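Trainee: Below, each chain spelled out in residue letters.
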Amino acid sequence: MMKTAISFTVNGRTREAFVPPRMLLSDFIRHELELPGTHVGCEHGVCGSCNVIVDGKAVRSCLMFAVQADGSDITTVEGYSTDAGLHPIQQAFWEEHGLQCGFCTPGMLAAAKELLAANPDPSDEDIREAISGNLCRCTGYEFIINAIRSAGKAMREADIQNTLQPV
Amino acid sequence: MASHLDTNVIPPSRQREAPRSGLTWIGQSIKRVEDPRILTGNGGYIDDLKMPGMAHAAMVSSPHAHARIVSIDTSKAKALPGVIGVYTGEDLAGVVDPCPSFASPPVPQHAMAMGKVRHVGEVVAAVVADDRYIAEDAAELIEVEWEVLPANVDIEASAAATGDALLHPDDRETNVALDESFSFGPVDDDFAAADRIVKRRLRWHRSSAQAIETSGVVAHYDAYKGGYTIHCNSNFYNFIPFVIGGSLRVSPGELRIVPVLTGGSFGSKVFSHKIIILTGGLSRLAGVPVKYIEDRLEHFTNSDSHGSDRLYDAELAVDKDGTFRSMRFTVMDDYGAYLQFGVGTHGNAMAQVTGPYTIGSFGMRVMAVLTNKCQQGPYRGFGSEVTNWVMERMVDAAADELDRDPVELREQNMIQPDAFPYMIPTGNIYDSGNFQKVLAEAKQMFDFDDWRAKAKAMRAEGRCVGIGLATCMERSVYGPTEWWSLNNKATPGFTLTSTPEGITARIDPSGKLFITLHSPMVGNSPETVVTQILAERLTVAPEDIVFNYSDSQTGFNGVGPQGSRFTAMIAGACVSASIKLEERLKRFGAHMLQRRPEDVELRNGMVAVRGLKDQEKSFAEIALTSSFFRLSFPDGEEFDSGLETTAVYDHPLSTDPDEDRKHLGIFYPIVGHICHIVAVEVDPGTGKVEMLDYAAVHDNGTIVNPRTLAGQVWGGTANGIGTTLSEQFHYNADGQFTNPNFAEFAMPTANEMPRNFNLGHVETPSPYTEYGIKGGGEGGRLGAPSALTSAIENALQDYGVKIAALPVTPPVLRGLIRDAEKIAAE
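Listed in order, the protein sequences are those of chains A and B.
One point on numbering: in the numbering used here, the residue at position 73 of the first sequence is 73, and numbering is uninterrupted.
One point on numbering: in the numbering used here, the residue at position 561 of the second sequence is 561, and numbering is uninterrupted.
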């Protein structure tokens, strides 16, 4: 199948690739870029496990073709933490027990990042709404909500403005 | 105790670590040690695995519920560039044998259909190709000619089916795979003597766990290197790998099953043998490593993990004063097209079928009915979630008929705190409990009396507000007789009585404690639990404990997380390993300190002389010396170098079923208790249910980690809410599964969860497990459906609505309200 050239930034690195036009962004990220932290749960846009940040927005990477990411800035879960440690949202998920099997977690983290970038001090209802497009079968959501609330507080206290970049 | 139980003698306790206060690590909500790697995307799930030369499989699935395969034309698919091979059921049968089955006699199943298909989604052909996209392209080019047969969708109709509607006509001339009756105690006498018999027909519809990760396998067959290496997200890889080896036609020495981090199971990945055999066979046929990850549709339609689908005709024998005398029911269960675990889900339910109540006898007829649906597998509760609901429905019905307060009626019949261990009519015991205390805590947390008054006032304003309360059992730590105890005595099958859990522990020369677990992580917290117990027992720092997972060849006795067994069982293995390691540490350490072993103790990661402050050697010093400086110690094998041990913990308390099945023995004795109370408001115009307030109090004995236990309760409750309000697999008359996707099978999101959820715990330690730990992995789903159903019925009392089937989706509730209005108008 004919391939198309794309260039994009992923987790701060500029990359180029040739991809078949029909390749899903989720498959491209997982299997071509070898960033396995983006998970595929349903491949029909409902579960949200494959959420990644594209140009500042949390998007379903299973509903996007890789070619559509040409020129985009992509952040996956691998780009959230640094050598210095976990991102405050990841840290909060750890402290508040916001994950069990962890499969939905990267998508939840992306939703949380998008929310806190727009609304650094969300109410619990804001948080529920922000993650209502992400299915989790383990936690019953309560500890995820606690984690996002707690992450917001930690980030406000540390004066972290742009949650879409690694800190 | 009833005389039929005389032969069921409770064995003595083998507990070594008594429950006690003042523990350092047990009881602390430490952060999970598993999390950092998972949070950063480095968990290592099955689809993250790549092997050199790995090809990808895609399946052709049956579009029909029941059909003969007339012909399969694979020529176009084979011609597609990038395709390595295309295989049918006959091809696969050249390298693999039929799937293992716990049912006796077995219902034969092939990993890929041969001759005919028995449900939508059953695989009839597979493509192995360079990538998944090509494999799926090729799968679409495969042409199958079908001869459609009558589809069995309804339980009762299928039980009566004949001729072409028979699923397995070569093996049995009926679709009823098992039909057995039991009487535990004087059921007939008790019913004859009772003042009243409360009867209800109750229906529990089909759904499944639907973990967010599907099942998947990476299999590599290499004849020259010694058979199969299979990575998979199965729970059960280390207990009976030879059974899978049997189907793959290799010896256990030629089969290495390697676990991966699993993205949720809730029972659905307990065995996963079919996908292992299927992918393994494809690798052997294609001559390359093969990855096959189910897509969501395949997971819905073909992953052998559908939940219970039951029709009960239940009777409760009660006296005028409200005393429960006996219970009996006939249950038909729609198992789908095959019967992998026999009627294990009904065996399970026998652990606590009479609930927290003093009921003297119990009788049952169970019928396993085969239909044209994907077969059942485990789902959180494994059948007991249904009988909990049936029991609580019957108690509510009795309260209705006797015009009694449902909570008072429960309290009147509850087992008293001084009656433990308490043997129920089926022969299982409840090891310990204080149901009254759990109820009292839940009522207090919920502000029960206040809420009742509020709800009454709200109903007076015309709002449909109601309260439901359920008091349920949560059995944990299963013994495997549940798999076969209900089988026909003439064909009991594989009468397994072991469910061990093992651990390997080694202190390396740096002083780190290297632990090998023999069961996988599936979203539970095995490393955290083991860290807490070993830190407690060996006085080591949690950060000095390092984890690894064995494969089926290096592993030893691991049954894995299922039946809420893992924490209690691994705690036992940890204690056994600690005792062995402690003995060695003391022997080497005492020698280095020039003391006798009986004069030293473990203290803060040191072997230290009792009563003396500075006389001590760190585990690191001892491990280093014992590993590398053999001549520093006396001759004799007790000083063989290194500090390593493998320990196993067998089921702490089980007995055999009675030969005549007068009772089933003790098989699920470590029993917790649950009280859920919920207030709901129903919109009678739309059928929407809103949870206004929710309280759950669980007694899971001694708690190792309160926060991870709370996570289990929360998650289980969310599953139970879904089961009650929204989750059902729908089939049309042709056997088409009409909602196998996340858009139409509605699992709760954060928006569907109650806003006020209060969780409490009572700790009644088990006298039989180490530290008194009980399992707590299933409780939420074992309690929520009963309480929520009750609350909805209570909210709709002015309409006279009675709920006899789950789920009660908005359209279902609207239907019930409409019917009630019609009756009222007549």
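Please keep in mind that the hints were generated in silico from the structure rather than gathered at the bench.
Small disclaimer: the values here were computed from a predicted structure and weren't measured.
Where hints are given, some of them may not hold.
Here are the computed lysine-lysine pairs in the PhoX-like style, where the Cα-Cα straight-line distance is at most 25 angstroms [unchecked claim]: (1) 454/B <-> 443/B; (2) 76/B <-> 456/B; (3) 3/A <-> 50/B; (4) 802/B <-> 153/A; (5) 76/B <-> 199/B; (6) 613/B <-> 225/B; (7) 3/A <-> 76/B; (8) 3/A <-> 78/B; (9) 512/B <-> 443/B; (10) 199/B <-> 580/B; (11) 456/B <-> 443/B; (12) 199/B <-> 50/B.
Which residues of chain B face chain A? A few of them, derived with a C-beta cut under 7 angstroms, are [as the list claims (entries may be wrong)]: (13) 30; (14) 31; (15) 43; (16) 159; (17) 163; (18) 211; (19) 212; (20) 707; (21) 714.
Some chain B residues judged to face chain A by a derived CB distance under 10 angstroms, without partners named [as the list claims (entries may be wrong)]: (22) 41; (23) 51; (24) 53; (25) 414.
Each residue gets a CB set at the ideal place from its N, CA and C atoms; glycine is no exception.
Trainee: Each of the hints needs a verdict: does it hold here or not?
Mentor: Status of the hints after comparison with the structure:
1. Of the pairs offered as hints, the one joining residue 454/B and residue 443/B holds, with about 15 angstroms between alpha carbons and a cut-off of 25 angstroms not exceeded.
2. Pair hint residue 76/B plus residue 456/B does not hold up; C-alpha atoms about 69 angstroms apart against a cutoff of 25 angstroms.
3. Between residue 3/A and residue 50/B the CA atoms are separated by roughly 23 angstroms; this keeps the pair inside 25 angstroms, and the hint holds.
4. Restraint check for residue 802/B and residue 153/A: the C-alpha separation of about 47 angstroms exceeds 25 angstroms, so the hint is violated.
5. Between residue 76/B and residue 199/B, the direct Cα distance comes to roughly 59 angstroms. Violation of the 25 angstroms bound is thereby established for this hinted pair.
6. This hinted pair does not check out: residue 613/B and residue 225/B have alpha carbons roughly 56 angstroms apart, beyond 25 angstroms.
7. The hinted pair formed by residue 3/A and residue 76/B meets the criterion: a straight-line CA distance of about 24 angstroms does not exceed 25 angstroms.
8. The hinted pair formed by residue 3/A and residue 78/B meets the criterion: a straight-line CA distance of about 23 angstroms does not exceed 25 angstroms.
9. For the proposed pair residue 512/B and residue 443/B, the alpha carbon gap of about 47 angstroms is over 25 angstroms, so the pair is violated.
10. Between residue 199/B and residue 580/B, the direct Cα distance comes to roughly 56 angstroms. Violation of the 25 angstroms bound is thereby established for this hinted pair.
11. Under the criterion of a C-alpha separation no larger than 25 angstroms, the hint pairing residue 456/B with residue 443/B is consistent with the structure, at around 17 angstroms.
12. Taking the CA atoms of residue 199/B and residue 50/B, the gap is near 57 angstroms; set against the 25 angstroms cutoff, the hint is violated.
13. For the restraint placing residue 30/B at the interface with chain A, the shortest Cβ-Cβ distance is roughly 10 angstroms, beyond the 7 angstroms limit, so the hint is violated.
14. A cut of 7 angstroms between beta carbons decides the hint on residue 31/B: the least distance to chain A is about 6 angstroms, and the hint holds.
15. Taken as an interface hint, residue 43/B checks out: its beta carbon lies about 5 angstroms from the nearest beta carbon of chain A, inside 7 angstroms.
16. Look at residue 159/B: its Cβ only gets to about 33 angstroms from chain A, farther than 7 angstroms, so that hint breaks.
17. The beta carbon of residue 163/B is not positioned within 7 angstroms of any beta carbon in chain A (closest approach about 39 angstroms), and the interface hint is therefore violated.
18. Annotation: residue 211/B was flagged as interfacial toward chain A, and the flag holds, the nearest CB pair being 6 angstroms apart, inside 7 angstroms.
19. Contact between residue 212/B and chain A, as hinted, is supported at the beta carbon level, the nearest pair being about 4 angstroms apart and thus within 7 angstroms.
20. Hint status for residue 707/B: holds, given a least beta-carbon distance of 5 angstroms to chain A, under 7 angstroms.
21. Using the Cβ-Cβ criterion of 7 angstroms, the hint placing residue 714/B at the interface with chain A is satisfied: the shortest such distance is roughly 3 angstroms.
22. Residue-level restraint check for residue 41/B holds (minimum Cβ-Cβ distance to chain A is 2 angstroms; threshold 10 angstroms).
23. At about 13 angstroms, the closest approach between the beta carbon of residue 51/B and any beta carbon in chain A exceeds 10 angstroms, and the interface hint on this residue is violated.
24. Evaluation of the residue 53/B hint against chain A yields a violated restraint, the C-beta minimum of about 15 angstroms exceeding 10 angstroms.
25. For residue 414/B, the shortest C-beta to C-beta distance to chain A is roughly 28 angstroms, which exceeds 10 angstroms, and the interface hint is violated.
In terms of the numbered hints stated before, the structure departs from hints 2, 4, 5, 6, 9, 10, 12, 13, 16, 17, 23, 24, 25, listed from lowest to highest.
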